[in-house]
Amino acid sequence: MVLNSWLFLIFSNITKSGYSKLFIINYIYKIVINQLFYENKQTNKQTSDLRGKIILLFMSFTLSFMHSCSTDETLLQNDPNIKTVSREQAIQFLQQNPLNSSSNKTFKTTTLSNYGAISFEKITNSDQLLTVIPLPDNDKQQNSRVLLLTVNDTLRSAVFTMYPDIDQSTKDFSGRVIITNMNGDFFKGFRMKNGYLISKFIKKSSAYTTNKIESKSTTAYATEPIELQEVIIPARKTVQSLTVAYLYVYSYEIESSNDSLLNWGFGGGGGGGGGGGGEEEEELKIINQLTNPCAKNIFTNLQSGLYTENPLKPEVLIPSDGIDLNFSQEILKLFENSRNTDLTIRNDLLTGDANASTVGATITINNSYLANATQLSVARTIIHETVHAYLNAYFFGYPDFKDKPFQTQLRIYAAENGFTDMNTFHHNFMSKYIDAMGYSLYEWDKEFGTGGNLGWEYYKSMAFSGMFQTDPNGTIVAEMDTFKEIVPNANDRQAIANIILNEQNGNNKSKGTKCD
Amino acid sequence: METINLKGQNVIKYLLYIVIVFSSNCMFCQKQIVGRYSSLMPNQEYYNYFDFNANGTFEYHSGASLGDDEFGKGHYEIDKDSLILNYDLTEVQYDSYYKSQRYFNSKDSIKIIFNAYNFDNTPIHKLQIYSYPNYNSTITDFDGKAMLSFKKEKLNTKIEIHIEGEFLVKQVICIDLSANYIFNVYMNSSVIIGFGHPRAIKDEIKKYGLLEFRDNSLKLNHNGKIIELVKQSK
Numbered sequence: 042m043v044l045n046s047w048l049f050l051i052f053s054n055i056t057k058s059g060y061s062k063l064f065i066i067n068y069i070y071k072i073v074i075n076q077l078f079y080e081n082k083q084t085n086k087q088t089s090d091l092r093g094k095i096i097l098l099f100m101s102f103t104l105s106f107m108h109s110c111s112t113d114e115t116l117l118q119n120d121p122n123i124k125t126v127s128r129e130q131a132i133q134f135l136q137q138n139p140l141n142s143s144s145n146k147t148f149k150t151t152t153l154s155n156y157g158a159i160s161f162e163k164i165t166n167s168d169q170l171l172t173v174i175p176l177p178d179n180d181k182q183q184n185s186r187v188l189l190l191t192v193n194d195t196l197r198s199a200v201f202t203m204y205p206d207i208d209q210s211t212k213d214f215s216g217r218v219i220i221t222n223m224n225g226d227f228f229k230g231f232r233m234k235n236g237y238l239i240s241k242f243i244k245k246s247s248a249y250t251t252n253k254i255e256s257k258s259t260t261a262y263a264t265e266p267i268e269l270q271e272v273i274i275p276a277r278k279t280v281q282s283l284t285v286a287y288l289y290v291y292s293y294e295i296e297s298s299n300d301s302l303l304n305w306g307f308g309g310g311g312g313g314g315g316g317g318g319g320e321e322e323e324e325l326k327i328i329n330q331l332t333n334p335c336a337k338n339i340f341t342n343l344q345s346g347l348y349t350e351n352p353l354k355p356e357v358l359i360p361s362d363g364i365d366l367n368f369s370q371e372i373l374k375l376f377e378n379s380r381n382t383d384l385t386i387r388n389d390l391l392t393g394d395a396n397a398s399t400v401g402a403t404i405t406i407n408n409s410y411l412a413n414a415t416q417l418s419v420a421r422t423i424i425h426e427t428v429h430a431y432l433n434a435y436f437f438g439y440p441d442f443k444d445k446p447f448q449t450q451l452r453i454y455a456a457e458n459g460f461t462d463m464n465t466f467h468h469n470f471m472s473k474y475i476d477a478m479g480y481s482l483y484e485w486d487k488e489f490g491t492g493g494n495l496g497w498e499y500y501k502s503m504a505f506s507g508m509f510q511t512d513p514n515g516t517i518v519a520e521m522d523t524f525k526e527i528v529p530n531a532n533d534r535q536a537i538a539n540i541i542l543n544e545q546n547g548n549n550k551s552k553g554t555k556c557d
Numbered sequence: 401m402e403t404i405n406l407k408g409q410n411v412i413k414y415l416l417y418i419v420i421v422f423s424s425n426c427m428f429c430q431k432q433i434v435g436r437y438s439s440l441m442p443n444q445e446y447y448n449y450f451d452f453n454a455n456g457t458f459e460y461h462s463g464a465s466l467g468d469d470e471f472g473k474g475h476y477e478i479d480k481d482s483l484i485l486n487y488d489l490t491e492v493q494y495d496s497y498y499k500s501q502r503y504f505n506s507k508d509s510i511k512i513i514f515n516a517y518n519f520d521n522t523p524i525h526k527l528q529i530y531s532y533p534n535y536n537s538t539i540t541d542f543d544g545k546a547m548l549s550f551k552k553e554k555l556n557t558k559i560e561i562h563i564e565g566e567f568l569v570k571q572v573i574c575i576d577l578s579a580n581y582i583f584n585v586y587m588n589s590s591v592i593i594g595f596g597h598p599r600a601i602k603d604e605i606k607k608y609g610l611l612e613f614r615d616n617s618l619k620l621n622h623n624g625k626i627i628e629l630v631k632q633s634k
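Taken in sequence, the protein lines are chains H and A.
Residue numbers for the first sequence follow this note's numbering, so the first one is 42 and each next one is one higher.
Residue numbers for the second sequence follow this note's numbering, so the first one is 401 and each next one is one higher.
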């Protein structure tokens, strides 16, 4: 009952920032609560509830802090049972409770004495503060903090440790998060990838034969005091698009930023919602505003590879590990992973009768084009336009799209070729992606279109759209230089153009099926 | 009787002459084109179109999915068998510009300091600045300030500094790697993403041979090249 009340408080405040956020935090809390519940079943019920409450509270604080927005306005509202652990109390606690930890198979007991590092984090809608003590030996490989709070007149503690992966491709955290008590006893652990919660850790046990889905590799980590087994979390699809990135913001050399390498991302006040200065989160990172049902379906299908089904629970979709994604899916995944840059797609009547337009990361498909084009052509156009959005994002360094080597490559390519307009620049650069776009189209067609039997050259030909212009009769009248380089024979180029035009016009020579 | 016949024949001749003269004139008697015409097949990646108005003006746009690459505006005229487009109404936008100061010292490196503003003198944050060919890059901070430094080179060693932003008009400044600079750059905004304003066509008169003028199409001859403009729905 007590736990249920907590759940209500936690979840009710989370819903303020959107349903998808709810799912992930809901999921994390459920894991914690379930474990607490079952672990404590054999103990005194009141003690169990209290312990669960405390650990849950630490979890909620920690996650909410890292969540970096004010989602927990009611979490602690008017709760008289929560009190700040004062600096003196914290010092006394640390002196009496040395921290046990293991590293590289060595066991270490540390009495924390860096009292000057004790800080207090504000808790939204509470006048109480969370006491935070970073461990003195934090480095690039590990970042730990002791969290203290008094609940029901009892001082409670938890140690929260983040182990980043060596390869941090985005500023969103990739690595492991382990929660222990001061004795180093494992409580909970998770694996994050680019801000996504992809698996949890459980204590390794020979008796572990429950109906779990194991990851590709079961790994024990030497840096942890116990052997852990990694289990993929059967999360909901919405986990993809939401806020794990916020939960574990892990700034990594953000351009023009003075953030430290190890950044909890919840500084700046506002416990359970600091950092970001009250910044509102946007839940949907890919916004599908297509009203044309056929185009909407095609776009949804193009996203399909981002998720895989849980074989034991087919109704549950889990984030794909990204290994098997094609180019188009990778682009969509980048936008979905981004918490600051949305990809929006819609349809409208465009001036000038082009098939589509892309402004920044907003794609508009022309209604007049949709009226005649085959589904194959529509899929091709969507792939093509997402590449425009992708190039825009990296060229101009949109938030979450900072890749200096790639940006440099784009800039030098533009400067060397003296491009004076973006259309020419993009379409020439896209020559590097012909195979990738063609393959993305093939994969879509194989699963959702004609069955993928049109032949590789047909899909590859479709990817050349945008590299030429034709007159009203379909004769090429202007071409990109790179098109001529890749396909030197003019007749071959015209044949490619004919394929693209047949599909865009949905005539009787097209091989794709028209939208109903 | 013969006189009457001759007069009758003359009347027929005159009538025929009048019919021929008027009918030949009628081939080009329509002095107005109204509507949107394009020389490209619709629904491809690229577009172009002329909007011809009843008042004798036209507007031209050409581009692709990222927006206009080129535009122009002016008066059109059909003169005998020619279509004349006079780009005399194109509104030209201001480019971005800069003011610079130079100074010299004996250090072995040079500093290039940037203060970036928009045309309202508001500092521009995250303006992208990079050099070419020896690549070095930075972005402006919240105050519109940024700095690049380079190894000092001998006089007349030039490089380009590219300054750009998403909807800003790009400017490229040439500097000498023997001097230090302070640049105040003023960036104009652009309606399209990319390097600058769409290319403006102005102060140009283009004359096309008018080969055919039908309800839904125009066939033009431009320096021996046949161009068909097909009417589109707006």
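Calculated directly from the structure, the hints in this document are not laboratory data.
Note that the structure is a prediction, hence the values are computed from the model and not measured.
A hint or two may mislead.
Taking lysine to any residue pairs in the SDA-like style, the calculated list, with each CA pair at most 20 Å apart, reads [unchecked claim]:
{"no.": "1", "chain 1": "A", "residue 1": "K526", "chain 2": "H", "residue 2": "E457"}
{"no.": "2", "chain 1": "A", "residue 1": "K625", "chain 2": "H", "residue 2": "I453"}
{"no.": "3", "chain 1": "A", "residue 1": "K570", "chain 2": "H", "residue 2": "A456"}
{"no.": "4", "chain 1": "A", "residue 1": "K526", "chain 2": "H", "residue 2": "I453"}
{"no.": "5", "chain 1": "H", "residue 1": "K445", "chain 2": "A", "residue 2": "K558"}
{"no.": "6", "chain 1": "H", "residue 1": "K445", "chain 2": "A", "residue 2": "K499"}
{"no.": "7", "chain 1": "A", "residue 1": "K558", "chain 2": "H", "residue 2": "N514"}
{"no.": "8", "chain 1": "A", "residue 1": "K499", "chain 2": "A", "residue 2": "N486"}
{"no.": "9", "chain 1": "H", "residue 1": "K445", "chain 2": "A", "residue 2": "E553"}
{"no.": "10", "chain 1": "A", "residue 1": "K625", "chain 2": "H", "residue 2": "T516"}
Taking CB as the label site, the calculated pair distances span [to be verified]:
{"no.": "11", "chain 1": "H", "residue 1": "P513", "chain 2": "A", "residue 2": "S578", "range": "52 to 58 Å"}
{"no.": "12", "chain 1": "A", "residue 1": "Q493", "chain 2": "H", "residue 2": "E526", "range": "33 to 39 Å"}
{"no.": "13", "chain 1": "H", "residue 1": "F447", "chain 2": "A", "residue 2": "K511", "range": "23 to 29 Å"}
{"no.": "14", "chain 1": "A", "residue 1": "K606", "chain 2": "H", "residue 2": "Y454", "range": "29 to 35 Å"}
{"no.": "15", "chain 1": "H", "residue 1": "P334", "chain 2": "A", "residue 2": "N623", "range": "32 to 38 Å"}
Partner residues aside, some chain A positions facing chain H, computed with beta carbon under 8 Å [what the hints assert, rightly or not]:
{"no.": "16", "residue": "N443"}
{"no.": "17", "residue": "G463"}
{"no.": "18", "residue": "Y503"}
{"no.": "19", "residue": "Y535"}
{"no.": "20", "residue": "I559"}
{"no.": "21", "residue": "H562"}
{"no.": "22", "residue": "F595"}
{"no.": "23", "residue": "E628"}
Quick reminder that beta carbons are idealized off the backbone N, C-alpha and C, glycines included.
Output the numbers, in ascending order, of every earlier hint that fails for this structure. 1, 2, 5, 6, 7, 8, 9, 15, 18 and 20
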